[in-house]
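Asker: Could you fit the two chains together into a complex? Lean on the hints.
Listed in order, the protein sequences are those of chains A and B.
If you're matching positions, the first sequence starts at 1 in this note's numbering and goes up one per residue.
If you're matching positions, the second sequence starts at 115 in this note's numbering and goes up one per residue.
To be clear, the hints were calculated from the coordinates, so they are not data collected in a lab.
None of the values given here were measured: they were computed from a predicted structure.
Beta carbons are placed, not taken as given, at the ideal position from N, Cα and C, and that holds for glycine.
Some hints could be false.
A short, non-exhaustive set of chain A residues, derived as facing chain B with CB atoms under 10 Å [claimed, not checked]:
#1 49
#2 54
#3 73
#4 105
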Amino acid sequence: AQSVTQLDSQVSVFEEAPVELRCNYSSSVSVYLFWYVQYPNQGLQLLLKYLSGSTLVESINGFEAEFNKSQTSFHLRKPSVHISDTAEYFCAVRIKGSNYKLTFGKGTLLTVNP
Amino acid sequence: GAGVSQSPSNKVTEKGKDVELRCDPISGHTALYWYRQSLGQGLEFLIYFQGNSAPDKSGLPSDRFSAERTGGSVSTLTIQRTQQEDSAVYLCASGSSPPDTQYFGPGTRLTVL
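Pulled out of the complex, with its shape left as it was, chain B reads as follows (with noise of 0.2 Å):
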């Protein structure tokens, strides 16, 4: 079946401009999660969907970041006002109940100028 899909592949902005970021998580997974890849920090946790509730969002690093999901499908991770910190791998995971195994999607790279 399909996996986890992630659009764009790449992204490529300007600072100070909003960029919007899109998951689709594997159908009838009810858990979906964000996650940065960046050279620096690792693989961090950004915030965590069950649902179309977000009932962990204790990784997002700053109030310009933001995230919904919509009909327990589809994700939006929207960053406000980038920042040349904010270029990193973006990786959404999805999941389902009882809890086993995230799979993790191709990821968004994006760069900010």
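In isolation and in its complexed conformation, chain A is listed as follows (with noise of 0.2 Å):
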């Protein structure tokens, strides 16, 4: 079976600072990674996602997370944080090769502060 972890249930910064949203994984096979973003009342988004290829994958709004297959990881970076990335975000794996669940790690809301 496959578990998350998302380290940090709440992180908190000032806007322009920079923020590491750490998800470690567990998986006796290989996974896809996925982030998944939650606005206030709003459902899940697809931010990024690593299927394989390059381990550095980014999103259009300047996220990026890089697969870490020795440290099982896949931690979620932004240079700069705005105001508006204050949202709930979920680091999900999925089972390599089929239709298969997402298995969601709890969450960490990211407030970001003027």
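Answerer: What follows is the structure, encoded as structure tokens:
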């Protein structure tokens, strides 16, 4: 079975500061990795994903995540956050090669303060 | 194009009543998933459909929960004899084949009084 650990349930930073949201996973088989974002009172939106190839993936709004197989991590980073980045962020894994369920972490609530 | 839609957006019911939650996936998506989001449990998988069949029902918490999908499109999640612990946001997602990304709907917030 797979599991995902998001080490911080809440992170609070000031606007324009860098941020890292941590995600570690456990799986006996190869997985795909995802970050989803949930803005207040909205549904889940895909932020970025790692399926194969380059271990560094980027989103259109400046977030990036790096797949580290040896450390089984997929941490999310942004060098300079905006107030509009305030949201809950979920890391998720899925077994490779099948239409299979996502296993989510508990989420990290990111609050960006002015 | 249109995304995943769910109805109703909010449902308040009394303990013991049955409820039906509906999901309309993105057109052409053969895979459909139901998840539940609650404060105590986070995001939990409930059931997965490929076409009209459900190869994975492992997340359904009890036999009060059932789901069906017809015509390879719309899906209905039914909860019988609702309990207060069923209160949660029920999320539907769909995806294409070969497997890639799951796209989520806005969810149905269920409150059992």
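Asker: All hints are to be evaluated individually against the structure, with a verdict given for each.
Answerer: Do the hints match the structure? See the list:
Hint status for residue 49 (chain A) relative to chain B: holds, with the closest Cβ pair at about 6 Å, below 10 Å. The beta carbon of residue 54 (chain A) comes no nearer than 17 Å to any beta carbon in chain B, farther than 10 Å, and the hint placing it at the interface is violated. Taken as an interface hint, residue 73 (chain A) does not check out: its beta carbon lies about 19 Å from the nearest beta carbon of chain B, beyond 10 Å. At about 7 Å, the closest approach between the beta carbon of residue 105 (chain A) and any beta carbon in chain B falls short of 10 Å, and the interface hint on this residue holds.
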